Amino acid sequence: MNNNKTKIVATIGPNIESVSKINVLKKNGMSIARLNGSHNTLKWHADLIKKIKHNFEGIPVLFDIPGKKIRTVQLENEPSFKKNDEIIFTTYTKYSGKDKVAINNNKLHLLLKKKDVIYADDGTLSFKVERIIKKDIHCVCMSNGKLKSAKGINVPHINLGGDKLSIKEKKFINFAIKHGVNFIGISFVESANYIKRIRNIIKNKKLKIIAKIENQGGLDNMEAIIGEADGIMIDRGDLSTETKTESIAIFQKKIIHECNRLSKPVIVATEMINSMIENPFPTKAEVTDISNAILDGASAIMLSGETAVGAYPFKSVEIMQKISETVEHSQPVNYDNKQEGIPAAIGSSIVSITKRLKISKIIIITSSGFAARTIASLMLKQPIIAITNIYENSVCFNLYRGVRGIYLNVNFQRKNLEHIPICLEKLWKKRIICNKDMILVTGVGYPNKGNRMNMIQTHYVKDLQKTFNWK
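So for the sequence shown, the numbering used here puts the first residue at 440; every next one is plus one.
Since the hints were derived computationally from the structure, they do not count as laboratory data.
Predicted model only: the values in this text are computed from it and were never measured.
A hint or two may mislead.
Subject to a maximum C-alpha distance of 27 Å in a straight line, what follows is the list of computed DSSO-like cross-link-like pairs (lysine-lysine) [said to hold, decoys possible]:
#, residue 1, residue 2
1, K761, K723
2, K490, K460
3, K865, K492
4, K567, K554
5, K692, K723
Label-pair distances were calculated between CB atoms; the ranges are [what the hints assert, rightly or not]:
#, residue 1, residue 2, range
6, N731, R795, 29 to 39 Å
7, D538, T765, 46 to 56 Å
8, N523, E496, 52 to 62 Å
9, K868, T765, 25 to 35 Å
10, D902, K723, 45 to 55 Å
11, A784, S806, 16 to 26 Å
12, P860, K692, 35 to 45 Å
13, N874, E456, 41 to 51 Å
No residue lacks a Cβ here, since even glycine has one placed at the ideal position from N, Cα and C.
Please model the entire structure based on the sequences and the hints provided.
So, in structure tokens, the structure goes:
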């Protein structure tokens, strides 16, 4: 079993969709399976979700919905071009790429003007607008390249529709609900209100929302977005294109810092080891990039094209796992937790106790997962085992840094703490804890409405085994 604290998100594509290949990804270190809703059909995604849920218990599914992101449509002809060639984008979706390149936003021609620059494929391609005729956007290519199907289109600072949810977004959200995915990734989130609109649709706390911060609007409202979302993804491709490439490292550090302060998991994504799409080894710069993300406090690091379409999907996961394992032997940054009141005091006390006592494992008993993500943000060295009596939540816990989610069919008591030794006995029988362990147990005792994490216990497991006569 992979014991790394930093989780690895791997994007599944058609080349690695078989059970045997997904199993190799898991063995090599994959913690979360990501599906990109912008590619392939909904039937393909439905079949793959079913396959993962049936064969890989405990592996969460993150379904990235297309959202507001502008993309090229599925093109029959993917045009190649040279610098100074003319290319025509159009909001007529019937065009296949031979004469014009269709995009999925039917209003883009109304939002552009002459001399605007359109970026594509995470900013690697750029086009200057020369004129707009009806729904056709005539551009000059600013470099050599090839434009492929379903590639992202960026025009910094244009309004993508604010907090409104499109019919297409609602369709994909309902698809995610129907098929029981664990997380949905939402593109171009610019306000907390946008997330609230999505919550009004899902009406289901078991489906968690991962908000992607990838433009200036998201940065401007970062704290409110992080506070409302269940987790954050830093999409560095769109973020660097929509803002300033030279500032991307600073933005990444600020977002990770804020997520740690608010005890929310954060995924760092885009081009982590991009060279391994074609090459068997990462560059030194990529190894350094991954290492810095881990040291800054990322909960998870993500592979996109490296696994979805790359030549070395299994080796990409393996190398990322090795980098993570190596880096985690150093002391990670421990940001102050911003939670107020009793949970903050409990968290501070746990940090102190784990430094003074030889605690080998931390046990969290939590229904909702609040305690699990709060303790995860403390960057502790000890393994964290989060017990819940809600199965879907136990799977979601596996996104949190250093946390292993465990489902137990136990009734958590409200008027006493009798469920605690019951849970610990089950862990002992599963050999998750053993007699040589000294454990710290935390959670909520005697809960009332709004109560969160108000209890700490420390135990030698051998004493518990004798006291309760575990056999």
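Do the hints match the structure? See the list:
Simply put, K761 and K723 have alpha-carbon atoms about 14 Å apart, close enough for the 27 Å limit, and the pair holds. Of the pairs offered as hints, the one joining K490 and K460 holds, with about 12 Å between alpha carbons and a cut-off of 27 Å not exceeded. Distance restraint check for K865 and K492: the Cα-Cα separation of roughly 24 Å lies within the 27 Å cut-off, and the hinted pair is therefore satisfied. Distance restraint check for K567 and K554: the Cα-Cα separation of roughly 6 Å lies within the 27 Å cut-off, and the hinted pair is therefore satisfied.
With a C-alpha separation of about 20 Å, the suggested pair K692 and K723 falls inside the 27 Å cut-off, and the hint holds. Distance hint check for N731 and R795: the Cβ-Cβ separation is about 30 Å, which falls inside the suggested range of 29 to 39 Å. Distance hint for D538 and T765: a CB-CB separation of about 52 Å, consistent with the stated range 46 to 56 Å. Taking 52 to 62 Å as the suggested C-beta distance range, the pair N523 and E496 conforms, at roughly 55 Å.
Here the CB-CB span from K868 to T765 is close to 34 Å, well matched to the stated 25 to 35 Å. A hinted range of 45 to 55 Å for the beta carbons of D902 and K723 is consistent with their spacing of about 50 Å. Between A784 and S806 the C-beta distance comes to about 21 Å, which sits within the given range of 16 to 26 Å. P860 and K692 have their C-beta atoms about 43 Å apart, which keeps the hinted 35 to 45 Å range intact.
In this structure, N874 and E456 meet the distance hint of 41 to 51 Å, their C-beta atoms being roughly 43 Å apart.
Hint compliance for this structure: every hint is met.
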